[in-house]
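*Asks:* I would like the entire structure built from these sequences, with the hints used as guidance.
These protein sequence lines are chains A and B, in that order.
Going by the numbering used here, the first sequence opens with residue 1, and the numbers climb by one from there.
Going by the numbering used here, the second sequence opens with residue 1001, and the numbers climb by one from there.
No wet-lab data here; the hints were simulated from the structure.
Yeah, the Cβ is synthetic: ideal placement off N, Cα and C, and Gly gets one too.
Please note that the accuracy of each hint is not assured.
[Unchecked claim] Incomplete in silico selection of chain B near chain A, CB under 8 Å:
| # | residue |
| --- | --- |
| 1 | Ser1182 |
| 2 | Leu1208 |
| 3 | Pro1221 |
| 4 | Gly1223 |
[Unchecked claim] Coverage of chain B stretches by chain A, computed from C-beta distances (three or more under 8 Å per stretch; other residues unrestricted):
| # | stretch |
| --- | --- |
| 5 | 1189–1202 |
| 6 | 1209–1219 |
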Amino acid sequence: MIGFPHAEEQRALINAAVVESGFTVGEVWLHYFSLSGEVDEYEVEAYLTGLMPLPSLECDLLALAVNELIDDLPPRRRAPFSDELIRSHAGSGDAE
Amino acid sequence: MDPYPPSNELGATLGRIRGLVLTQETAQHAVDLLAQVAQETMPNASGAGVSLIHEAQRTSVGATDALVRTADDLQYDLGEGPCLTAWATRSPVMIEDTTTDQRFSRWSGAAAEAGVRSCFSVPLLRGRDSLGAMKVYSTVPGAFDEADRARLTSLSVAASALLGHVQTSETSTRISSELRESLRSRDLVGIAKGILMQREGLTEAEALAALTARARSTGIPFGQLTADIVNGHGASGRRGAP
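*Replies:* Right, here's the structure in full:
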């Protein structure tokens, strides 16, 4: 199980996703735990920082947990177009 | 809802695992201290108090004297009052005179009888969360003017920042509801694994791999997918539900 192909690349990319999304290891671990993850928080942290390997199934479960957390983040703010603003102001009834 | 809530001990364990220090003393110390500061800041107050409220239940209370404590207890006994409203509506509540104010008639009557004549309560807000309320009481009506109110409001901002920190690292009710949810979800995954193992002759690891593969290919959140299987709605990939 341990030492499966591209294990290190998967680890680095999971870690990058966690860092970039701003979740703490605690938040990631809690969600991973709720998905039936078997490994405790310290080991997950050690895995993410590259200190120890995890079985491939646990890595995939961790990836799933991270992705679900990311999917639940509020979407980024979108930029409005000029006609959208004209339309929204016409509705609110402010005069020029 | 959940017939088997996890014990406080489990909540504390999870809190520790998550790097948080769970001590009721920390929150109690903070609310006591803040009640003291509120009174010192407000020369017209006969007493001050701070309550942490979670789901309309008071989790911690700090009070400078017995009268404040009595007036505060009355709110939770009666289920109405300025702090509960300040907390729920996220806006300050001013009671100029408890003998004439009609908004919380039962509370006002009881508080007036205990000796409280006026009261000003501000919510403790942190982001989207309403953490509780900070209030000052007086034994005379109309004790708090505009300047007093502004002063307590600005104090409440600092208090919220402090309590928000204590609260997130402390309140075991919140942690234990997170834990309950997490254990329930974990339990459902276990049951769903068992169903797949029995139905499709898989080992535990294969069943988990099959579940994660299904979540990935369908985009259904894992928790929902496993709940569906447990509730008998998740048709098996190969054979369908019996």
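*Asks:* Compare the structure with each hint and give your call.
*Replies:* Going down the list of hints, with the structure as the test:
1. The interface hint given for Ser1182/B is met, as the beta carbon of that residue sits about 4 Å from the closest beta carbon of chain A, less than 8 Å.
2. The closest approach between the C-beta of Leu1208/B and any C-beta of chain A is roughly 6 Å, which is under the 8 Å cut-off, so the hint is satisfied.
3. Because the beta carbon of Pro1221/B sits about 6 Å from the nearest beta carbon in chain A, less than 8 Å, this interface hint is met.
4. At a threshold of 8 Å, the smallest CB-CB gap from Gly1223/B to chain A is about 7 Å, leaving the interface hint in force.
5. Here the stretch 1189–1202 of chain B counts 3 residues with a CB under 8 Å from a CB of chain A, which clears the bar of 3, and the coverage holds.
6. Check on the stretch 1209–1219 of chain B: 4 of its residues sit with their Cβ under 8 Å from a Cβ of chain A, so the three-residue criterion for coverage holds.
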